[in-house]
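**Q** Okay, here's what each chain looks like letter by letter:
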Amino acid sequence: MMNDSILITGLGSISAAGTTVSESVLSFKNGNRICGPVTLFDTSLKYPVFEVRHIPSQFHREGLRTISLALTAVDEALAQSGLLGTVQEFRVGVCLGTTVASQLNDLEFYRAYRTSGSASLEPVDRYLKGNLAEYVAKNIGARGPRLTVVNACSSGTDAIGVALSWLRNGICDIAIAGGADELSRIPYCGFGSLGIMSVELCSPFDRDRKGLNLGEGAGVVVLETRESARKRGATADLFLAGFGASADAYHLTAPHPEGVGLVAAIRKALAQAGIEPGDVAFVNAHGTATPENDLAEGKALANVFGNNVVMLSTKGYTGHTLGAAGGLEAVFAALGLRERWVPKCAGFRDKDPVIPIAPTDRETKIAGRYAVSTSLAFGGNNAAIVIGRGVDQ
Amino acid sequence: MKVLGMGIIFNRGRGGSALRDALRQGWQPPLSEVQEKGRSHPVYQVPTDVLQDRAVLKGMRRADRLSKMAVIAASDALADSELTEIDRRRTGVIVATGCGAHVTTFDFLDGILDFGEAAVSPTAFSNSVHNAAASYISSALGVQGPTLTVTQFLFSFQGALQLAGAWLREGSADHVLVGAVDQCGEVMAYIANAKLGIARDGKIRPFASPSTQAVPGEGAVFFLVSRNGDGRPYCEVKDVRFGVRGEVLVPAELTIFDADGMVPDELSYASHDAPAAAVAAYSPLWGSMMIGSAFSCAAGALMLRDQVRYASPVPAGSDGLNVLSETFDYSVELIQCVRYNCSAENAVILLQKCTADRPVSP
Chain A
0 MMNDSILITG
10 LGSISAAGTT
20 VSESVLSFKN
30 GNRICGPVTL
40 FDTSLKYPVF
50 EVRHIPSQFH
60 REGLRTISLA
70 LTAVDEALAQ
80 SGLLGTVQEF
90 RVGVCLGTTV
100 ASQLNDLEFY
110 RAYRTSGSAS
120 LEPVDRYLKG
130 NLAEYVAKNI
140 GARGPRLTVV
150 NACSSGTDAI
160 GVALSWLRNG
170 ICDIAIAGGA
180 DELSRIPYCG
190 FGSLGIMSVE
200 LCSPFDRDRK
210 GLNLGEGAGV
220 VVLETRESAR
230 KRGATADLFL
240 AGFGASADAY
250 HLTAPHPEGV
260 GLVAAIRKAL
270 AQAGIEPGDV
280 AFVNAHGTAT
290 PENDLAEGKA
300 LANVFGNNVV
310 MLSTKGYTGH
320 TLGAAGGLEA
330 VFAALGLRER
340 WVPKCAGFRD
350 KDPVIPIAPT
360 DRETKIAGRY
370 AVSTSLAFGG
380 NNAAIVIGRG
390 VDQ
Chain B
0 MKVLGMGIIF
10 NRGRGGSALR
20 DALRQGWQPP
30 LSEVQEKGRS
40 HPVYQVPTDV
50 LQDRAVLKGM
60 RRADRLSKMA
70 VIAASDALAD
80 SELTEIDRRR
90 TGVIVATGCG
100 AHVTTFDFLD
110 GILDFGEAAV
120 SPTAFSNSVH
130 NAAASYISSA
140 LGVQGPTLTV
150 TQFLFSFQGA
160 LQLAGAWLRE
170 GSADHVLVGA
180 VDQCGEVMAY
190 IANAKLGIAR
200 DGKIRPFASP
210 STQAVPGEGA
220 VFFLVSRNGD
230 GRPYCEVKDV
240 RFGVRGEVLV
250 PAELTIFDAD
260 GMVPDELSYA
270 SHDAPAAAVA
280 AYSPLWGSMM
290 IGSAFSCAAG
300 ALMLRDQVRY
310 ASPVPAGSDG
320 LNVLSETFDY
330 SVELIQCVRY
340 NCSAENAVIL
350 LQKCTADRPV
360 SP
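Chains A and B are the protein sequences, given in the same order. Each residue of the first sequence is one higher than the last, beginning at 0 in numbering that gives the first Met the number 0. Each residue of the second sequence is one higher than the last, beginning at 0 in numbering that gives the first Met the number 0.
Do not take every clue at face value.
[Unchecked claim] Chain A is nowhere near these chain B residues, computed Cβ spacing over 12 Å in every case: (1) R53; (2) T146; (3) N321; (4) F327.
[What the hints assert, rightly or not] Below 30 Å or equal to it, Euclidean Cα-Cα: the simulated DSBU-like pairs (lysine-lysine) are: (5) A:K209 to A:K28; (6) A:K343 to A:K364; (7) B:K237 to B:K352; (8) B:K202 to A:K137; (9) B:K194 to A:K128; (10) A:K209 to A:K230; (11) A:K350 to A:K28; (12) A:K364 to A:K28; (13) A:K137 to A:K209; (14) B:K202 to A:K128; (15) A:K128 to B:K36; (16) A:K45 to A:K230; (17) A:K350 to A:K45; (18) A:K343 to A:K28; (19) A:K137 to B:K194.
[To be verified] To be clear about the criterion: a stretch of chain A counts as covered by chain B if any three or more of its residues have a C-beta under 8 Å from a C-beta of chain B, and this derived list gives those stretches: (20) 139 to 151; (21) 160 to 166.
Hints were generated in silico from the structure; no laboratory data involved. We treat Cβ as the ideally placed atom computed from N, Cα and C, and that holds for glycine.
Go ahead and model the full structure; you've got the sequences and the hints to work with.
**A** Take a look at the structure:
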């Protein structure tokens, strides 16, 4: 049975592809890839990144860049949902994923402590007041459940899954869900140490892909029970139909080579949505452009959907935004359904002979009503969501 | 949902028997001290020998202390349930943590400062990621259901437990290993002392006015929960709810407060208006932790199964509260575990004794 009881009443995004959802669509249309050297911190490393060039001043919070990004996307999503300024009137939960904002990793604080045995606690205070879900909830007046998901690169998708569980279990009526992450020196060095970053523009699923580019941003959806939307007179053309998650139980950093956990996660999401693989119009894949991820993911997607699935990665426009990725890609998948086209998988040139499927090599029209967005993470976490578009009126 | 198994590792040992012994024996000074830049602080650290378990930690040579604590507690929770056959593809994992693997994060920062950005340790980085512990749990136990790590500082465990209930109700999993883990290292001791003040004698005095001093702790607690009461469940988790000071709490027979000096002003506990017959705070047994609620929950679960009320280990300084001052066998049906944060918001976990004829709440 089709599961269309949880509506998507708002979308918000900020990334290198644009400060708003509509700017992102333009970037996809025009093939803009705004990537370059790091400007946010000093570094000796030479990996290019996708930085957000502009955060609207009203959302800027000094020293809390992830939160600034999140507030920007949340505001756009709330405005679209018609909830801006009225959140406190409803039972609204906030579930957001992140990686950087959850870590006490201020290098200067630690340097000072290490050197002198004493350090200003200002970075600690900033960390303690910077819990992502808590900060956002208080900022917008949400009084429902709050949870910050720290599941590495699948955090954003997992956060949307948590919100779906809340709504289906009556824990809240409306949920703001997604993810946010800033570009930080610590994961930048960390990913560098793992040898999975590229010194060139990333090329997801390409035969000659050399690794990922880091990015930053926030992607947020407003989820709402059909009953809640009806009561306040809100309408929506999109709904969140299903979520699935599964662990590889395989390795701390490498995905299972056959993507078994991802296959399980996608099948769970499809089952929850009450649809078959053939109902899915396209997949917005994790597609980091690392050799291992794209190979495992390509095999998993082919396993579930067959070799002719329409598939792309949007990381060629945003970079890998870590905890934000699942949120941003949920927004982009929803946009694909709404706009009825998906962009070219930026960076892709040649099919990899060992990957059974290939991503879009041009703007592609979409006819179906369902999209899947996938995330894979450190630790072997796999998550997938199914987004649906309502029947045309 | 019912608590089918429990695993705990803390400064007094490992397992339910260690918890029971600690509850019976009452407060003891912490055995360890953290040296930070010439200063020494008492802390409730897990003894190194308690972390030795080659069988459980097989293949985790490179894992950090946080992950090892989590894996041991999760493994023990599974074993404690005595369930020989559970579908591990339908078993989920939710790890709650206040600060995650910050000790490993600082190790990674050492690498940047000492060797430069291009020569840092990939092992330190991958172990510093918040969900490393959950990953080790799923690998060590072969659990392939949804696996999640969450953080909400003082309410991390409550959020995880609430979600575990939702997963079970909606059928996302048949069993969930839900728990919490945090670690105390040198830098955290510095921060705790600077922000909260660490009691020099290592003794947390719950409810002390105007402020309770903290004594940092570390450890892990995991529960195997399910909708079904297979085996011999500890108790049922009736509810997890969030509120603010002033809202009437449930009339439980015993309220366990997570008063541990983490909130600068613990008057919220002293002024709570629940009509509970008795209150207790067991934090002096394991120390001050953002995830201390998980330990309180473990104590509550044990009391409900054993039908014993344990004395609050440090009852002084609790004017106006009916603090349990003696340990005795006594019927206990309902226990609530209550935590407040700095904004006077609270989170309540309601635990109920399991009886064969009582229907399980969804």
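**Q** Hint by hint, note whether the structure agrees.
**A** Verification of the hints:
Distance to chain A confirms R53 of chain B as a non-interface residue, since its nearest Cβ pair spans about 19 Å, more than 12 Å. Against the 12 Å criterion, T146 of chain B falls within the reach of chain A, whose nearest CB is about 4 Å from its own CB. At roughly 31 Å from the closest C-beta of chain A, the C-beta of N321 of chain B stays outside 12 Å, upholding its exclusion from the interface. Annotated as non-interface, F327 of chain B keeps its C-beta farther than 12 Å from every C-beta of chain A; the closest such distance is 38 Å.
As the CA atoms of K209 of chain A and K28 of chain A are separated by approximately 25 Å, the hinted pair is consistent with the 30 Å bound. Restraint check for K343 of chain A and K364 of chain A: satisfied, since their Cα atoms lie roughly 11 Å apart, inside the 30 Å limit. For a cut-off of 30 Å, the pair hint linking K237 of chain B to K352 of chain B stands: about 10 Å separates their Cα positions. Our distance criterion of 30 Å between C-alpha atoms is broken by K202 of chain B and K137 of chain A, whose separation comes to about 34 Å.
About 14 Å separates the Cα atoms of K194 of chain B and K128 of chain A, which keeps this hinted pair within 30 Å; it holds. Taking the CA atoms of K209 of chain A and K230 of chain A, the gap is near 51 Å; set against the 30 Å cutoff, the hint is violated. Using a Cα cut-off of 30 Å, the hinted pair K350 of chain A and K28 of chain A holds, with the two alpha carbons roughly 22 Å apart. Restraint check for K364 of chain A and K28 of chain A: satisfied, since their Cα atoms lie roughly 12 Å apart, inside the 30 Å limit.
Proximity of K137 of chain A to K209 of chain A is assessed by CA-CA distance (about 42 Å); at most 30 Å being required, the pair is judged violated. Pair hint K202 of chain B plus K128 of chain A holds up; C-alpha atoms about 28 Å apart against a cutoff of 30 Å. A threshold of 30 Å between alpha carbons decides the hint, and for K128 of chain A with K36 of chain B the separation of about 27 Å falls inside it, so the pair holds. With a CA separation close to 53 Å, the supplied pair K45 of chain A and K230 of chain A exceeds the 30 Å bound.
Restraint check: the Cα-Cα separation between K350 of chain A and K45 of chain A comes to about 27 Å, which is no more than 30 Å; the hinted pair holds. Our distance criterion of 30 Å between C-alpha atoms is met by K343 of chain A and K28 of chain A, whose separation comes to about 9 Å. With a C-alpha separation of about 23 Å, the suggested pair K137 of chain A and K194 of chain B falls inside the 30 Å cut-off, and the hint holds. Remark: the region 139 to 151 of chain A is confirmed as covered by chain B, as 8 of its residues place a Cβ nearer than 8 Å to a Cβ of that chain, reaching the required three.
Beta-carbon proximity to chain B at under 8 Å applies to 4 residues in the region 160 to 166 of chain A; the threshold of 3 is reached and the given coverage holds.
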